[in-house]
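> Please construct the entire structure, taking both the sequences and the accompanying hints into account.
Read off the chains here:
Protein chains: 2
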Amino acid sequence: MSIKFNIYTAMPRFSKSVSALRSSEIRDLMTLASRPDIISFAGGMPGNDLFPVQAVEELFRELDSKTKQAAFQYAPTPGLPSLLESLEGFLETKGLPVKENRLLITTGSQQALNILGKAFIDRGEAVLVENPCFIGALSAFRSYEAELRGVPVDREGIVIDRLSQEIQRKERAKFLYITPYFHNPAGVLYTTERKEQLIASLQGTNIPLIEDDAYGDLYFFEEDRDRLKPIKAINPDGINVCYTGSFSKILGPGLRLGWMLVPEKIYQKCELIKQSADACSPSFTQVLADAFIRSGQIYSYVASVRHEYKKRASTMVAALREHLPNYVQWNEPRGGFYIWLTLPATADATQIMTLAINGGAVFVAGKTFDPAGQQNNSLRLSYCNNTPEQIVEGIPIVANAIRAICG
Amino acid sequence: MSIKFNIYTAMPRFSKSVSALRSSEIRDLMTLASRPDIISFAGGMPGNDLFPVQAVEELFRELDSKTKQAAFQYAPTPGLPSLLESLEGFLETKGLPVKENRLLITTGSQQALNILGKAFIDRGEAVLVENPCFIGALSAFRSYEAELRGVPVDREGIVIDRLSQEIQRKERAKFLYITPYFHNPAGVLYTTERKEQLIASLQGTNIPLIEDDAYGDLYFFEEDRDRLKPIKAINPDGINVCYTGSFSKILGPGLRLGWMLVPEKIYQKCELIKQSADACSPSFTQVLADAFIRSGQIYSYVASVRHEYKKRASTMVAALREHLPNYVQWNEPRGGFYIWLTLPATADATQIMTLAINGGAVFVAGKTFDPAGQQNNSLRLSYCNNTPEQIVEGIPIVANAIRAICG
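So the sequence lines, in the order shown, correspond to chains A and B. Every position in the first sequence, counted from 1, becomes a number in this note's numbering once 103 is added. Every position in the second sequence, counted from 1, becomes a number in this note's numbering once 103 is added.
Hint data in this document are derived by calculation from the structure and do not stem from the laboratory. Treat the hints with caution; some may be incorrect.
In silico lysine-lysine, DSSO-like type, Cα no more than 30 angstroms apart, as pairs [to be verified]:
#1 A/K171 <-> B/K413
#2 A/K413 <-> B/K119
#3 B/K171 <-> A/K171
#4 B/K171 <-> A/K119
#5 A/K202 <-> B/K368
#6 A/K119 <-> A/K169
#7 A/K202 <-> A/K414
#8 B/K119 <-> A/K414
#9 A/K368 <-> B/K470
#10 B/K119 <-> A/K169
#11 B/K368 <-> A/K414
#12 B/K119 <-> A/K368
Looking from chain B toward chain A, a few residues come up when the C-beta cut is under 10 angstroms (computed) [what the hints assert, rightly or not]:
#13 G146
#14 V159
#15 G198
#16 R265
#17 Q268
Note that the Cβ used here is the ideal one computed from N, Cα and C, for glycine as well.
Shown next, in the form of C-alpha cells:
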C-alpha cells in the first residue's frame, strides 16, 4: 500500500434519485427552534411537558418477564401481534374497517408514507397532493422522483374543480394524498360535503387515496366528531383507500410508531418494502404502545392533551386577534397543532421570518409546504409546544415583522 | 353514491421496483421457527433469555425527568446527540476513525444498508456482494433493482481472483458489500492477508466498500482480535469505506438501532434519505442504548454473551462431529451465530429441510443466501437461540435428513 491515492479521484457516484431530495431548511429551523433565546412556533412536535412518562414507566414495570424480553427481540415485520390486536380495537372505535383490510405497523407514519411512495411511484410519474402539503409527504414522494402536482386547499378542504382538472389530465396520477383532519400546515378540517365531493371525484378513476389522519384525535369540539369520520371508515365503493395514522400525537413521536390500514393487495407489497427497509418496527416501543392502549390510558391521555392544546390554541387566537393587521387571513383552529396565515399576494414570508428571528421568534415560511417550493405569501404557526406566556410574548414579534414587510 | 364500482376494475398500479422484491420464504421459516414442537436452527436472533432486561429497566428508572421526556420526543435525524457521543467512544475502542467521518444512527443496520442502497443504486446497475450473502442486504439492494453480482467466499474470505474479474468488467459496480467478521451465513472470519488483498484490489477503482460489522464483537478467541480490526479502522487510501454496525447483537434487535460511519459526502446524502424514510430513529431506545454504553455495562454484557454463544457453538460443533456424514464440509465457528454446511454438489437443501421439518428441526436452505437464488447444496445452522439440550436433540434430526437425501 505504498501508492497514495488522491481522495478527490475517489468520489462516490450517487444514484440519480438522491438528487431529488432537497437539503432541507427544516434542519436549520430546528437548530433555531432549540435556541433558548428564540420562541419557536416552528416545530410540529408535542410539548415535552405533556408526555405520559410516569404512566408508561409504570406500565413497563408491571409487564411479565416474557413480554419484557420480547421488547428486546425482533418483532414480525407486520407488527407485534399483541399491538396489532389492541390497535385494531382502537381503530374500530373510529369505525374503521379493520377486518376487511390489513394493518401494518410502521416506524412512524413517515415510514408509512415512504413505503406507499415506493409501492406506487416510478420515476417521473405524477402524484396529486394538497397545496400546501405536509413536508414529510413531499420529501417521501420526492425521494421516488414523483412529479408533485399541487391542488389548492381552501377553508373547507381540497378545491374540487382543481382536483377534477388534475384527475382528467392525460397522464393519470398514481394516487391522491390528503390530510383532511386538522391539516398540516393549513389547519383545515374538511367539511362533510367536501369529503363527499372528493369521493365522487375519485370513483371510477382508479386513483388510490392516501388519507393521512395524524391529528384527527386532537379535536377541540365534540360537535366536529361527525366531520372526523375517516373516508376509510365511509369505505366508498371503488376507491382503494390507504389510511395512515401515528402514535406521535397520542403518545409520543420518540416511539417511532405509525400504521397503515390498506387493502390486502397493497398490504402485500408494503410488507415486502417494510421488510427490506428496517425488518420491523421497534419491539420495545410496540410493547409500550400496546400496554398503553390495553390499560385504557390512551383514551384519558388523549382527552387531557386535547384540552391542553385547545387552551394553547385559544391563547394564540387571542394574541393574533389583538396584534395581526387586518389584511392577514387565517382560520381559528378546531383541532391539531397549526394556524396558517395568508398574507397579501406579494409578501415574502422568508423576509418576514428573518426579521422575526432577529426579534426573537421563529415559524415556518409557506414555500416549505408548496409542492413547487415557490409560493411564499403564507406562514405556519404552531402552538403545540409553547406555554401561554411564550405565545403572548412571541405573537407580537411575528405581527411586527409582518407589518414591517407588508405595511 | 348509488353507482356500484367493481372492485376488480380498481386494481392499484404498483411501481416497477416492488416486483424486484421477492415474497420471502423467510416469513414461512419464522412461522415454523416459532412452533414449540420444532427445534429451530433457522433464526438469526439472540436468545430471549440473554437480554439485559433488568439492567436496562434500572438504567431507565434512574434517568432524570428531562431525559425521560426526550425519550418520547423526536430526535434529530442523525441521532440523539448524547448517543452519537457515547457511540463514538464505543467505536473509538475499535480504532475507528470517528473524527474524520460522520456517524448516522439508523433504525437497525438493515436501514443503514437500505439507505446506502438508495444512495448508490440506479435501476439495473451492478453491485458486488459475497456469495453466499446476508439476505437483508440482498433484499435492500434488490428493492432498488440492482443487478446482484455474487463473488464466492472461501474459508479465508472473499475469493480475490473472482473479485478482480468482477472489478474489471466494463460496467463498473456501484459498490462492494462484505461481512468479513463472522459472516452471515458462512460464519467466516476474514484473514488479515485476505483483507489486505481486498484493499489492494479496490484501490484505484473508485468502487466504495460497504463493510458490515454486525457480529464482530461476538468473537470466541482473544487471539483473533487483530483479525477483527475493521477495514474502516485500517483506513486505506483511496477507498470510500461505509462501515455499518448494530445494537442487535450487543443489546437487542427490538431496539431497532444500528449505525453507519461514512465519509462526509456520503453522509450528506444518507441523512436526507433517512429524513424521508422515517424522520429519525426511535428516541426511546436511543436513550436506553446511550445509558447502556455510558454505564459501561455494554462491555461486561458483551463479554457475557460472547461466553454464552461460545458454549452453544461448542455444543453444536460436538454434535455435528458426532452425527454428520464425512462428505459434509463445514468450519468450526470462531464467533458469531452461524455454521455453514456445504453438501455434495447435487444435493438439494430444500428437500433436506422438508425431511428435517417432519423430524422436528428446521434451518435455512442455502439458496436463500445466493444472490441468484439458485445454489442450494448448502445450509445455515444457527446456534444462537438454542439451549444445549435443543442442540443435542436437533442436530441428529438434521444429520439424518442429510443422510436420507445424500446417502
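> Evaluate each hint against the coordinates.
Going through the hints against the structure:
1. A/K171 <-> B/K413: holds (25 angstroms)
2. A/K413 <-> B/K119: Answer violated: A/K413 to B/K119 is near 45 angstroms, above 30 angstroms.
3. B/K171 <-> A/K171: holds (18 angstroms)
4. B/K171 <-> A/K119: With a Cα-Cα distance of about 40 angstroms, the restraint between B/K171 and A/K119 is violated, given a limit of 30 angstroms.
5. A/K202 <-> B/K368: violated (47 angstroms)
6. A/K119 <-> A/K169: Outside the cut-off at roughly 46 angstroms; violated.
7. A/K202 <-> A/K414: Violated, at about 37 angstroms.
8. B/K119 <-> A/K414: violated (48 angstroms)
9. A/K368 <-> B/K470: Distance ~27 angstroms between A/K368 and B/K470 Cα, so the pair holds.
10. B/K119 <-> A/K169: violated (42 angstroms)
11. B/K368 <-> A/K414: violated (45 angstroms)
12. B/K119 <-> A/K368: Between B/K119 and A/K368 the Cα gap is close to 15 angstroms, so the pair holds against 30 angstroms.
13. G146: Since chain A brings a Cβ to about 8 angstroms from B/G146, closer than 10 angstroms, the hint holds.
14. V159: holds (8 angstroms)
15. G198: Status violated, d = 17 angstroms.
16. R265: Check failed: Cβ of B/R265 comes no nearer than 22 angstroms to chain A, outside 10 angstroms.
17. Q268: Check failed: Cβ of B/Q268 comes no nearer than 21 angstroms to chain A, outside 10 angstroms.
Violated hints, listed in ascending order, are 2, 4, 5, 6, 7, 8, 10, 11, 15, 16, 17; each of the other numbered hints is respected by the structure.
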